[in-house]
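K.L.:
Each chain is listed here by its residues.
Protein chains: 2
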Amino acid sequence: MNEPRYDVIAIGNAIVDVMAPCADELIEELQLNRGGMTLVDAERAKALYDAMGPAREISGGSAANTLAGLAALGAQCAFIGQVANDQLGEVFAHDIRALGIDFDTPARAEEPPTARCLIFVTPDGQRTMNTFLGASQFLPAATLNEEAIGGASILYLEGYLWDPEEPRAAMRRAIEAAHAAGRKVAFTLSDVFVIERYGDDFRALIRDGLIDILFANHLELAALTGEQGIEAGIAALQGQVPTLVVTCSADGAVAVSQGEQARVAAEPIDDLVDTTGAGDLFAAGFLFGHARGEPLERCLRRGAIAAAEVISHYGARPEADLQALMAEKLG
Amino acid sequence: MNEPRYDVIAIGNAIVDVMAPCADELIEELQLNRGGMTLVDAERAKALYDAMGPAREISGGSAANTLAGLAALGAQCAFIGQVANDQLGEVFAHDIRALGIDFDTPARAEEPPTARCLIFVTPDGQRTMNTFLGASQFLPAATLNEEAIGGASILYLEGYLWDPEEPRAAMRRAIEAAHAAGRKVAFTLSDVFVIERYGDDFRALIRDGLIDILFANHLELAALTGEQGIEAGIAALQGQVPTLVVTCSADGAVAVSQGEQARVAAEPIDDLVDTTGAGDLFAAGFLFGHARGEPLERCLRRGAIAAAEVISHYGARPEADLQALMAEKLG
Chain A
548 MNEPRYDVIA IGNAIVDVMA PCADELIEEL QLNRGGMTLV DAERAKALYD
598 AMGPAREISG GSAANTLAGL AALGAQCAFI GQVANDQLGE VFAHDIRALG
648 IDFDTPARAE EPPTARCLIF VTPDGQRTMN TFLGASQFLP AATLNEEAIG
698 GASILYLEGY LWDPEEPRAA MRRAIEAAHA AGRKVAFTLS DVFVIERYGD
748 DFRALIRDGL IDILFANHLE LAALTGEQGI EAGIAALQGQ VPTLVVTCSA
798 DGAVAVSQGE QARVAAEPID DLVDTTGAGD LFAAGFLFGH ARGEPLERCL
848 RRGAIAAAEV ISHYGARPEA DLQALMAEKL G
Chain B
548 MNEPRYDVIA IGNAIVDVMA PCADELIEEL QLNRGGMTLV DAERAKALYD
598 AMGPAREISG GSAANTLAGL AALGAQCAFI GQVANDQLGE VFAHDIRALG
648 IDFDTPARAE EPPTARCLIF VTPDGQRTMN TFLGASQFLP AATLNEEAIG
698 GASILYLEGY LWDPEEPRAA MRRAIEAAHA AGRKVAFTLS DVFVIERYGD
748 DFRALIRDGL IDILFANHLE LAALTGEQGI EAGIAALQGQ VPTLVVTCSA
798 DGAVAVSQGE QARVAAEPID DLVDTTGAGD LFAAGFLFGH ARGEPLERCL
848 RRGAIAAAEV ISHYGARPEA DLQALMAEKL G
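Chains as they are written, first to last, in the working numbering: chain A, 548 to 878; chain B, 548 to 878.
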């Protein structure tokens, strides 16, 4: 096995977030799924955008945000995801490359346009996401760079992208390529709705030993295992996932890896501004430590610190110097 | 004269700002005009964007930012400016309409694309702007809504837009329309480079009594009058401009109106993040008070408060509740 070229290569939605603060009443009025992620078609996306206040555009996408965190920490990363040949696609590509992340999936010439996620942020900092997947759902398996996948220590996949057919096939193929090269596969369950639709797929992947590192929040763990309570959920997956990481919002996180279990409290923050990207950045911090063989608790602490940074400002990608922050907090 | 439908109607560049923090060294390396505004062509814009870190997109444009401040304060406003029929054009149009500002200039179908301003923000909060004017410079006089212009108490024009030929002709026509309807014309000089190119035009407009309210910073005042020092500059324009407002960055501002003079200190802020939009928001606060016939000092205070808000965060449009802020600071 060659020395890996990348620490992490990820396949995910290539999305630009369109974010605006909003009053609680607007969430009701527009009948949004408060705190969750809802897929919307072009017509609904237009109606929601029309109802939205002045916004800012910041590159997003769950797995891409995780890579942004990893790259900020000093990891070598590559991203695979589908943009269209349009201005938002240029924005996404610029922002990810500006982080030093390799990104060479060719832009798609046809309609629909690049994906966007309309994010309404309520005064409590909670984000309500409405995603128009656009070009993102047409990632063809044929464009996968299997050499790059085989050259990364970890292949990271987002559950959100399991929904559309082409990327699902691409991710299945990528898992094979990673394992054929002796690499690890990490998977984030992304959202309860994905598990409701594809839980059987995920349980089969886990049973077949295809997932080496699994990220879930406590709701997703319950949806996947059918067990209430984190300990019961963890027990249900015992022996099936080498490394399991469960985040519990303000209650911190727990990880189990090769029989060892560790917990961490949420990192205290001064001001909760926008929870977008919390889980993505937790995964970034954890994976960074994990890829370096650090103790489980330290990996969790890295996750908590990265998550705390991202929820203290607008946007799902880090703004502070994460390396300096880790040095300060972890010594 | 009918009751005005708008407090302020503005003609300006329709620009989306592309903003990123940057190290001081990058300003040197890219040979940027630190703290200033430089017009760039498509090729240079691409090279600068490639060299820029991960960015966020926020609607901008000098006069449009001023309207954003006015609308946030409760004024009725309309905007005239040229976007292209593309995604950044949609972003600009959405954001300005979401503020309750009327905007009905039709998008332009041809190349070039919608204007963007690449803004490098150094650690001291100073912004260095590189503007690709794109569609903005093709605002045709024929699309001016003269009825709307005649129906606004104040027509507000930005000097930046004096540079391209079509908008210059449009602004000359708009000045005529405003004065024919008995309205006031406000003008901001925008940047020293504009005065270097068009100072004779501006001095003629002033001499001919076509500008009722003039905004300048201390550098622009010196460039316009050839006088060093604010008092000398003000004296040089005596009797030619009914209301003159001169901003002096951290040294506050001074205004002269109908023989009366007032001064204000800069509003103290906790944390200078990004100076983009400081002058634009100062104009917003001042115009809001002026349109309501408030005392000169109070108009200046409004300007200082609005400017302080906008420089305490990224982006050139207000994020805080400006009405609440004014109530708190002014009683």
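Fair warning: there could be bad hints in the mix.
One copy or two, either will do: identical chains are not told apart, so a pair holds if it fits within one copy or between any two.
The calculated lysine to any residue pairs, modelled on SDA-like cross-linking and capped at a C-alpha distance of 25 Å, are [said to hold, decoys possible]:
1. Lys876 to Asp818
2. Lys593 to Glu637
3. Lys593 to Phe650
4. Lys876 to Val803
5. Lys876 to Glu575
6. Lys593 to Thr652
7. Lys593 to Ala640
If you are wondering where the hints come from, they were derived from the structure by calculation, not from laboratory data. Fair warning: this is a prediction, and the values are worked out from it, not measured in the lab.
K.L.:
Indicate, hint by hint, whether the structure satisfies it.
P.N.:
Against the structure, the hints:
no., hint, verdict
1, Lys876 to Asp818, "both (18 Å within a copy, 23 Å between copies)"
2, Lys593 to Glu637, "both (21 Å within a copy, 11 Å between copies)"
3, Lys593 to Phe650, "between (29 Å within a copy, 18 Å between copies)"
4, Lys876 to Val803, "within (23 Å within a copy, 53 Å between copies)"
5, Lys876 to Glu575, "neither (40 Å within a copy, 33 Å between copies)"
6, Lys593 to Thr652, "between (27 Å within a copy, 20 Å between copies)"
7, Lys593 to Ala640, "both (23 Å within a copy, 13 Å between copies)"
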